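Residue numbers (our numbering), protein chains in the order written: chain V, 124 to 924; chain S, 29 to 276.
Because the hints were derived from the structure by calculation, they are not lab data.
Being a predicted model, the structure only gives us computed values, none of them experimental.
Keep in mind that the hints are not guaranteed to be accurate.
As the list claims (entries may be wrong) - List of simulated lysine to any residue pairs, SDA-like, C-alpha gap at most 25 Å:
(1) S:Lys149 to V:Pro841
(2) V:Lys705 to V:Asn725
(3) S:Lys163 to S:Ser196
(4) S:Lys149 to V:Leu847
(5) V:Lys422 to S:Asp132
(6) S:Lys154 to V:Gln389
(7) S:Lys171 to V:Leu847
(8) S:Lys102 to V:Pro841
(9) S:Lys96 to V:Asp916
(10) S:Lys154 to V:Leu847
(11) S:Lys171 to V:Asn843
(12) S:Lys149 to V:Leu845
(13) S:Lys149 to V:Ser842
(14) S:Lys171 to V:Ser538
(15) S:Lys149 to V:Asn843
(16) S:Lys149 to V:Ser538
(17) S:Lys154 to V:Asn843
Okay, here's what each chain looks like letter by letter:
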Amino acid sequence: MIHDLTYGLRMLVRSPAFTLVAALSLALGIGANTAIFSLVNAVLLRPIPVEQPSELASIFMTDQRNPGNLPFSHLNYQDVRDQNQVFTETAAFTFAQLNWSTGNDSEQIPAQVVSGNYFSLLGAQPAIGRGFMREEDVIPTPVTVLSHGFWQRSLGSDPGIVGKTLTFNRTPFTVIGVAPKGFTGTLLGGGPSIWVPMSMHAVAQPNFDWYEQRRGLFLFAFGRMKPGVTLEQAFPNDNKGRGAGAVPLLDARLNPGGQGGGQVVQISMILMTVVGIVLLIACVNIANLMLARANQRRKEIAIRLALGAGRGRLVRQLLTESVLLSVLGGALGLMLAYWLMDALLAADLQLPVPVDDSLTIDGRVLTFTALLALATGMLFGLAPAIQGSRPDVLPVLKNETAPSGTGRGWHRFVSLRQVLVVSQVALSLISLIAAGLFLRSFRDAQATDTGFETRGVLVMDFNLGREGYTPERGQLFYQQVVERVAGVAGVQLAAVAQNPPLAGGLLRSVLPEGADTTTQDRILVQVNSVSTGYLDTLGIPLLRGRDFASTDSPGAPLVVIVNETMAERFWPGQDALGKRFKFFGDADFTTVVGVARNAKYNGVAEEPIPFIYQPIRQNYTPQAALHVRAAGDAGGLAATVRRQVQEIDPTLSVFDIRTLETQVADSLAPLRINVIVLSTFGGLALLLASIGLYGVASYGVGQRTREIGVRMALGAQPSNVLRLVLGHGLLLVAIGLVAGVVLALGLSTIVPPDLLPNVGARDPWTFVATSALLATVAVIASYVPARRATRIDPLIALRTE
Amino acid sequence: MTSSGQTLIHLDGVTKVFFTDEVETHALAGIHLEIKSGEYIAIAGPSGCGKSTLLSILGLLDSPTEGKYVLNGKSVADLPLSERARVRNREIGFIFQSFNLIGDLNVYENVELPLTYRGMKSAERKERVMAALEKVGMAHRAKHLPSQLSGGQQQRVAVARAVAGSPSILLADEPTGNLDSKNGEAVMELLRELHREGATICMVTHDPRYARHADRSIHLFDGRVVEEDGTGKRGERELEESGFHIEH
Numbered sequence: 124m125i126h127d128l129t130y131g132l133r134m135l136v137r138s139p140a141f142t143l144v145a146a147l148s149l150a151l152g153i154g155a156n157t158a159i160f161s162l163v164n165a166v167l168l169r170p171i172p173v174e175q176p177s178e179l180a181s182i183f184m185t186d187q188r189n190p191g192n193l194p195f196s197h198l199n200y201q202d203v204r205d206q207n208q209v210f211t212e213t214a215a216f217t218f219a220q221l222n223w224s225t226g227n228d229s230e231q232i233p234a235q236v237v238s239g240n241y242f243s244l245l246g247a248q249p250a251i252g253r254g255f256m257r258e259e260d261v262i263p264t265p266v267t268v269l270s271h272g273f274w275q276r277s278l279g280s281d282p283g284i285v286g287k288t289l290t291f292n293r294t295p296f297t298v299i300g301v302a303p304k305g306f307t308g309t310l311l312g313g314g315p316s317i318w319v320p321m322s323m324h325a326v327a328q329p330n331f332d333w334y335e336q337r338r339g340l341f342l343f344a345f346g347r348m349k350p351g352v353t354l355e356q357a358f359p360n361d362n363k364g365r366g367a368g369a370v371p372l373l374d375a376r377l378n379p380g381g382q383g384g385g386q387v388v389q390i391s392m393i394l395m396t397v398v399g400i401v402l403l404i405a406c407v408n409i410a411n412l413m414l415a416r417a418n419q420r421r422k423e424i425a426i427r428l429a430l431g432a433g434r435g436r437l438v439r440q441l442l443t444e445s446v447l448l449s450v451l452g453g454a455l456g457l458m459l460a461y462w463l464m465d466a467l468l469a470a471d472l473q474l475p476v477p478v479d480d481s482l483t484i485d486g487r488v489l490t491f492t493a494l495l496a497l498a499t500g501m502l503f504g505l506a507p508a509i510q511g512s513r514p515d516v517l518p519v520l521k522n523e524t525a526p527s528g529t530g531r532g533w534h535r536f537v538s539l540r541q542v543l544v545v546s547q548v549a550l551s552l553i554s555l556i557a558a559g560l561f562l563r564s565f566r567d568a569q570a571t572d573t574g575f576e577t578r579g580v581l582v583m584d585f586n587l588g589r590e591g592y593t594p595e596r597g598q599l600f601y602q603q604v605v606e607r608v609a610g611v612a613g614v615q616l617a618a619v620a621q622n623p624p625l626a627g628g629l630l631r632s633v634l635p636e637g638a639d640t641t642t643q644d645r646i647l648v649q650v651n652s653v654s655t656g657y658l659d660t661l662g663i664p665l666l667r668g669r670d671f672a673s674t675d676s677p678g679a680p681l682v683v684i685v686n687e688t689m690a691e692r693f694w695p696g697q698d699a700l701g702k703r704f705k706f707f708g709d710a711d712f713t714t715v716v717g718v719a720r721n722a723k724y725n726g727v728a729e730e731p732i733p734f735i736y737q738p739i740r741q742n743y744t745p746q747a748a749l750h751v752r753a754a755g756d757a758g759g760l761a762a763t764v765r766r767q768v769q770e771i772d773p774t775l776s777v778f779d780i781r782t783l784e785t786q787v788a789d790s791l792a793p794l795r796i797n798v799i800v801l802s803t804f805g806g807l808a809l810l811l812a813s814i815g816l817y818g819v820a821s822y823g824v825g826q827r828t829r830e831i832g833v834r835m836a837l838g839a840q841p842s843n844v845l846r847l848v849l850g851h852g853l854l855l856v857a858i859g860l861v862a863g864v865v866l867a868l869g870l871s872t873i874v875p876p877d878l879l880p881n882v883g884a885r886d887p888w889t890f891v892a893t894s895a896l897l898a899t900v901a902v903i904a905s906y907v908p909a910r911r912a913t914r915i916d917p918l919i920a921l922r923t924e
Numbered sequence: 029m030t031s032s033g034q035t036l037i038h039l040d041g042v043t044k045v046f047f048t049d050e051v052e053t054h055a056l057a058g059i060h061l062e063i064k065s066g067e068y069i070a071i072a073g074p075s076g077c078g079k080s081t082l083l084s085i086l087g088l089l090d091s092p093t094e095g096k097y098v099l100n101g102k103s104v105a106d107l108p109l110s111e112r113a114r115v116r117n118r119e120i121g122f123i124f125q126s127f128n129l130i131g132d133l134n135v136y137e138n139v140e141l142p143l144t145y146r147g148m149k150s151a152e153r154k155e156r157v158m159a160a161l162e163k164v165g166m167a168h169r170a171k172h173l174p175s176q177l178s179g180g181q182q183q184r185v186a187v188a189r190a191v192a193g194s195p196s197i198l199l200a201d202e203p204t205g206n207l208d209s210k211n212g213e214a215v216m217e218l219l220r221e222l223h224r225e226g227a228t229i230c231m232v233t234h235d236p237r238y239a240r241h242a243d244r245s246i247h248l249f250d251g252r253v254v255e256e257d258g259t260g261k262r263g264e265r266e267l268e269e270s271g272f273h274i275e276h
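Bound-form chain V, shown alone (with noise of 0.2 Å):
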């Protein structure tokens, strides 16, 4: 084996531009992956902090009318907590947005309101002090515990941080501990900056009153399984139609819906499988380049064999200066990979699970890269070394060149070398046609009619509720600052909304006037509280009926606008305008008195959907987001409006002032990541693919050296020649093409449909337009050689032996 080792190393370094080549194709294949695997491993594969993991479950609820794993009410998770079989305990959290004030200035951060045995169940040891105390759960104790990051980014590692007060919504909470470093929770991602106990729900979530209600369904429980229970048995705890499961806590995370995985997941799975492809075609360019080598080294290889070596023995050595190479590729990729992992931090692509801690090359990382090398080695060089380890010795040793066509059974139709190109055209094209796909389904949705007017409006958020505001003093306020901030110079409109454009709306079971109430007219449809002016203000036409007024104020008959698709699906036939309806739980019947044009609610690639407007003053909410439309560049409105809300109330929190724009663009943000990565690593595929294309041709010019001086001789012209040379590359490329369009297609099945919106993973344009593209290519690194085959001089051709 060292006698092995020391002769690939001696070959290798006898040909430095082979081995140049070989080893940059394989870390350009090698680094991709691994960047990409640390990227999967720092989202999907680190294990959670925690004790037992395994033993842990996730608890979920499941509604015969409402698909998926939800999260449970207080009330049912109280019954789950105190009457299952199943759990030694259990515990819940739910999400909060708090405002943390410094000073005279104040930021939001996220926050999880969590049972006081929270960390205890978990087993996650804080770095620093302690967790929460079962009591603290009971009486309301203003406690919090620090994750590690925000300890370190926003308190600078404070060591003595524990018994120090931090001030979230305005209240003193008195830091207890920091939680471990790593640990994020239970989900993926980054998790929460604070922890606070449940008891003190009130102040982290003020006008939240869910919490005596079995309907609202907000909390996310968890339990750790008795000795000997497993996930299989029966759950005893019905609730009036609704059930529970459970399903592993580390499943739960990747796959929070229970529906077939979280689009992550789908996400990383298309990642890894494209830098996969890279890898593959790399590899097939090398395998190429191995086989031409092992032609070159017939003799060689025929010498040794007529001494006596063994085949076994010779595929070994062949097999050996492989595993050297691909270890060469391996560590030049690993360095890649450093590089890329830094400019996919740098480029700050926003990812939907931030990583910038989590995202280095540990061991898990290094083992797969090395496996992944050597299993290239093998990849590339099996078969190479199994076809360049057979030479008809004779012949070789005579100085003979092997005749075309003296192949048996199917090779003398096929060479190995062909079936590599069609290959490598195949994986190419599945590569271009994920890039392509997701470029215009990024494309067509940047030219969606949202339905409303994007330029020149500013947005920002406040929360009153978290500012200690009564609903009187909000109603106020909202009247306040729309009718303050209408009046500056260059402002057009101004309004006031629950919900900013594309975040949602809050869903209710809508109940239509006459209809049947218990079953299937119970219709879920999204609510935004919106003040008066809000459609001017976004430009949404109002196509019937009329705006909130002044008059629509509490006391007062209830009103709402809908959208069209509302008043077609509730209405149909009729006219919405009059028309009365009960949210589920109300009283009194509410009535259209508008129909606005639809518009997208969640985001720009939604269907349409029903939608309603509610008058704000009807309607209070103290979260909110104030519109403003400018004349001119909105941007440059930002600090004038601030301006103008503080000297309302100096001390108000108002964050995330944004344009419009930005928000829309945001909110594409995941696919244009998807758009980026997958360019980059199908024009990387491309660019191999091509060069494999190259090689094949030009390898295959070289063997037919003497064909073409004979076709020369005989009088073929150099058109003939050219036809000739290009037709054989085009023919293994159009094969190319179709298996990788029949693959494409069959790989498009498990492309979830809502991964690709507006384009399907089946784009017929897609397909064409990134078969054109490839067969151009093609076309291009076929013709350098087929155009050096017309200049061969048939005499020197014909001498060539």
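Given chain V, put chain S in place with the hints provided.
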């Protein structure tokens, strides 16, 4: 068959010089040669004397450094590449020492190849290919690949390919060089038969046994014609000097 007297090829003062960085090699030095239609000429001489270079120039695979080359009344010394290819295709039939059949094409397709470059219709091509294969006795092997044939059979296919297009002249470069004596004799007999049927043949050989089959032998030495023997007697004399017996 003897020549019809019409001049097919006329070389006048043809020279060929190969230039390298340091050396000028005069492969041909002032060759004057006339070949009449229907003539069978052998070009003989020792290795390196310029036989193959002369044949390459005659076959328009190479061009002379100086001198005139008239083929069928047309000057062809300085034709552009595409025109040379056209003339090669229509006027010249090559028979190579190493057969030069294309391994991926079967016998029929090999013979058909020069006709496809001529743009001939399929039906006519088929007629000509089958006729040529019949002539060389290889029609029954039309679907075979070259690798399935013996050397003698491959050379007969190469002869069929050369004659299929009815060229003005057949240029044979050591056509028996890769064959055993029995197969070599069979190929020479085939060439004789073609000649009897009217073909003009110019054959390079260094084997005096085969040179004597020609109407005329031209002997080259250091790129010059040193002797012309119109009866092939010199070939016989050389053969006798080599210890062979010639029956008269």
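Hints, verified against the model:
| no. | hint | in the structure |
| --- | --- | --- |
| 1 | S:Lys149 to V:Pro841 | holds (21 Å) |
| 2 | V:Lys705 to V:Asn725 | holds (24 Å) |
| 3 | S:Lys163 to S:Ser196 | holds (17 Å) |
| 4 | S:Lys149 to V:Leu847 | holds (19 Å) |
| 5 | V:Lys422 to S:Asp132 | holds (24 Å) |
| 6 | S:Lys154 to V:Gln389 | violated (60 Å) |
| 7 | S:Lys171 to V:Leu847 | holds (22 Å) |
| 8 | S:Lys102 to V:Pro841 | holds (23 Å) |
| 9 | S:Lys96 to V:Asp916 | holds (22 Å) |
| 10 | S:Lys154 to V:Leu847 | holds (21 Å) |
| 11 | S:Lys171 to V:Asn843 | holds (24 Å) |
| 12 | S:Lys149 to V:Leu845 | holds (21 Å) |
| 13 | S:Lys149 to V:Ser842 | holds (19 Å) |
| 14 | S:Lys171 to V:Ser538 | holds (21 Å) |
| 15 | S:Lys149 to V:Asn843 | holds (16 Å) |
| 16 | S:Lys149 to V:Ser538 | violated (32 Å) |
| 17 | S:Lys154 to V:Asn843 | holds (20 Å) |
Checked against the numbered hints given earlier, this structure breaks hints 6, 16; the rest are met.
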